[in-house]
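Protein chains: 2
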Amino acid sequence: MKILHTADWHIGKSINGQSLLEDQQYVLNELYKAIEEHKPDIVIISGDLYDLHYPSKDSMVVLEDALSTINLELDTPIIAISGNHDGKERLNYGEKWFEKSGLKIITQYESMFKPIEIKDVHIYVMPYFTPADIKAAFKEKDISTHQEAADYIVEQMKLVIDKDKTNILVGHLFVSGGKSSDSERPLSIGTIETVDASTFDPFDIVMLGHLHHPFAIQSEFIFYSGSLMQYSFSEEKQAKGFRLFDVQDKAFKQSFIPITPRRSFHVVNASYNEVIHENITIPNKDDYFHFKLTDMDHVTDPLLKIRKIYPNTLQLSRQDYAIAQDEINVDVHALSDLDIIKSFYKHVTDEELTGVKNEKIIQLLEAENNKGADE
Amino acid sequence: MKILHTADWHIGKSINGQSLLEDQQYVLNELYKAIEEHKPDIVIISGDLYDLHYPSKDSMVVLEDALSTINLELDTPIIAISGNHDGKERLNYGEKWFEKSGLKIITQYESMFKPIEIKDVHIYVMPYFTPADIKAAFKEKDISTHQEAADYIVEQMKLVIDKDKTNILVGHLFVSGGKSSDSERPLSIGTIETVDASTFDPFDIVMLGHLHHPFAIQSEFIFYSGSLMQYSFSEEKQAKGFRLFDVQDKAFKQSFIPITPRRSFHVVNASYNEVIHENITIPNKDDYFHFKLTDMDHVTDPLLKIRKIYPNTLQLSRQDYAIAQDEINVDVHALSDLDIIKSFYKHVTDEELTGVKNEKIIQLLEAENNKGADE
Chain C
1 MKILHTADWH
11 IGKSINGQSL
21 LEDQQYVLNE
31 LYKAIEEHKP
41 DIVIISGDLY
51 DLHYPSKDSM
61 VVLEDALSTI
71 NLELDTPIIA
81 ISGNHDGKER
91 LNYGEKWFEK
101 SGLKIITQYE
111 SMFKPIEIKD
121 VHIYVMPYFT
131 PADIKAAFKE
141 KDISTHQEAA
151 DYIVEQMKLV
161 IDKDKTNILV
171 GHLFVSGGKS
181 SDSERPLSIG
191 TIETVDASTF
201 DPFDIVMLGH
211 LHHPFAIQSE
221 FIFYSGSLMQ
231 YSFSEEKQAK
241 GFRLFDVQDK
251 AFKQSFIPIT
261 PRRSFHVVNA
271 SYNEVIHENI
281 TIPNKDDYFH
291 FKLTDMDHVT
301 DPLLKIRKIY
311 PNTLQLSRQD
321 YAIAQDEINV
331 DVHALSDLDI
341 IKSFYKHVTD
351 EELTGVKNEK
361 IIQLLEAENN
371 KGADE
Chain E
1 MKILHTADWH
11 IGKSINGQSL
21 LEDQQYVLNE
31 LYKAIEEHKP
41 DIVIISGDLY
51 DLHYPSKDSM
61 VVLEDALSTI
71 NLELDTPIIA
81 ISGNHDGKER
91 LNYGEKWFEK
101 SGLKIITQYE
111 SMFKPIEIKD
121 VHIYVMPYFT
131 PADIKAAFKE
141 KDISTHQEAA
151 DYIVEQMKLV
161 IDKDKTNILV
171 GHLFVSGGKS
181 SDSERPLSIG
191 TIETVDASTF
201 DPFDIVMLGH
211 LHHPFAIQSE
221 FIFYSGSLMQ
231 YSFSEEKQAK
241 GFRLFDVQDK
251 AFKQSFIPIT
261 PRRSFHVVNA
271 SYNEVIHENI
281 TIPNKDDYFH
291 FKLTDMDHVT
301 DPLLKIRKIY
311 PNTLQLSRQD
321 YAIAQDEINV
331 DVHALSDLDI
341 IKSFYKHVTD
351 EELTGVKNEK
361 IIQLLEAENN
371 KGADE
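Chains as they are written, first to last, in the UniProt record's numbering: chain C, 1 to 375; chain E, 1 to 375.
Careful, some of the hints might be misleading.
Only pairs whose alpha carbons sit at most 20 Å apart, straight line, appear in this in silico EDC-like list of lysine to aspartate or glutamate [unchecked claim]:
1. C:96 with E:352
2. C:57 with E:64
3. C:100 with E:75
4. E:88 with C:359
5. E:96 with C:359
6. C:342 with C:359
7. C:96 with E:64
8. C:100 with E:37
9. C:96 with E:95
10. E:33 with E:64
11. E:2 with E:37
12. E:88 with C:58
To be clear, the hints were calculated from the coordinates, so they are not data collected in a lab.
Please work from the sequences and hints to get the whole structure.
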């Protein structure tokens, strides 16, 4: 069975007031071509179809068009789950009619424990959740972290899982600690939302959304498809596209297939004069730019002038005043709460946290710890 | 063929911050029972399904539930059009999948000139429009009023109409001048949005939404279903429900069937003491109230106190200070623009419009008239 895996469409996203809807329509058109070419048996969308809980009417038109093109025109079943950006009620509006055409948009936690069976492939879904969501949905007292919530869900799934089938999990979450990483260290997300990769050992393949980097985790069975296009300047050099899985019996092959966007994102470090005299090397003036420029002191309205040449300039920084972009190299797991705060304070202000401020922080931390003990 | 005609659901409406969603769910449940009892071949909804262009998620859940109950559970086809309260893109989201189950939600003007054919009944739809909408959609220069837009649309419909069929028009607009009114004067709407009843002579039956009174017009072939429930205190005594049509060949019978709401709307004129000592005659303390009270001068927080007895009090007015509720009895068609403004000014301020104000109005009117001549 051939599965096309995509995620993080973020339909309706805009950056600094610039709508990306045309670019999104462009990469969706590329996706349609890929579906025509590869003819997958199913398309899986691992959450964040919309960028906003309250999508604009234009976003709704684009998403409906995408879903109907894939599902009705290209006659391809779809399984989609809600991500943290999706408003559940808006995303699955119409689901009772959609299902008749093989379009499943799943937002309900109750749906997690009954796999979608397609021949000998069983697909489990895990719509985006917070610990509180799972605690509330299943009246479980002892869930306060993402890890505990995921553990609970997978335990329930294990009660029904059929080991003779190929079991696929579709989720929208942070995973850390890819088991099979040889040369690369697993990407450290460093947030309390992290779920350990080993949690998903009962599954043959895990198809995730949430992280926009298609190689965010090195694992033999856990994959992010990545987003369909770049969504920030921090994704400047990231490949974007989708994954194709070929599942045969309990084995599978997969590959990442890139999509070329209409416009790329560039961070340009230069002087104002170099930019305004077009002395910089860029492939396309219509690309998206973040210019970090020197020598702007005596220029009035630099953004206006630059946009006459590079109309899709989204951001302009004066490099003269730029804050040093060094990283905090601290192993937060090895530090106390106070030391983490001190390190952060020093990084931001370049001063030590001392005197009254230091005492206040200690008081607050103590109060917080005591509060925890009362609950 | 049996047709159930309803309109103006206004799902999501709230009055003075009080959501009516539970009451709407109640009358919808009554509607489902009526559909089970009367088994119509089709349900027609003449616009304003939602109250807001941006419906809340709860409203979307209630509307989806209503449409799926009627269409999927009760297996009844639906034709619905957009009203002025509906956001088109939100209302018809999913339409490509809906159609497969006989749920047609029509918001596009291009759909007006191709009737929906059900046996020998042809149903024409006229989603809510403004003159500018029709002017833009069909690139027609000479459309500036609702009457001109409706004339244009009906002229186009006449090109395709089959006189041998029963031709039904489904619309959402103001109609004036019921032809067959004997004893009653036609309801005078008195707005420039009015379309004359004779415009619709080419049709056998016209099923309208927009006006909430089910007897807003006296005509032998034009009908408002009215809203499903009361939506303001001005609708206090209005019957609410739906219409049933029985269409045989070119003839039809119709009747208005009332729905009893969960709560009624009452305007209560009384003294504060009468209310607080429950010396008023009302059927149900949980009904919706607008209290117009005297003797409140020395009462603090009267609304809080009243709501302890009548929790769904939506409005409280001090009758002592109430502005006289007299009507403007002026035939605006017989007056000049200036005289209409003068009459309005006097009504509102109780003073004559004279001096500088008068001259300024004259200047503005002249400037406006000259501007019109330039276009």
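Under the constraints set out in the numbered hints, which ones does this structure not fulfil?
The structure conflicts with hints 1, 4, 5 and 8, although it agrees with all the remaining ones.
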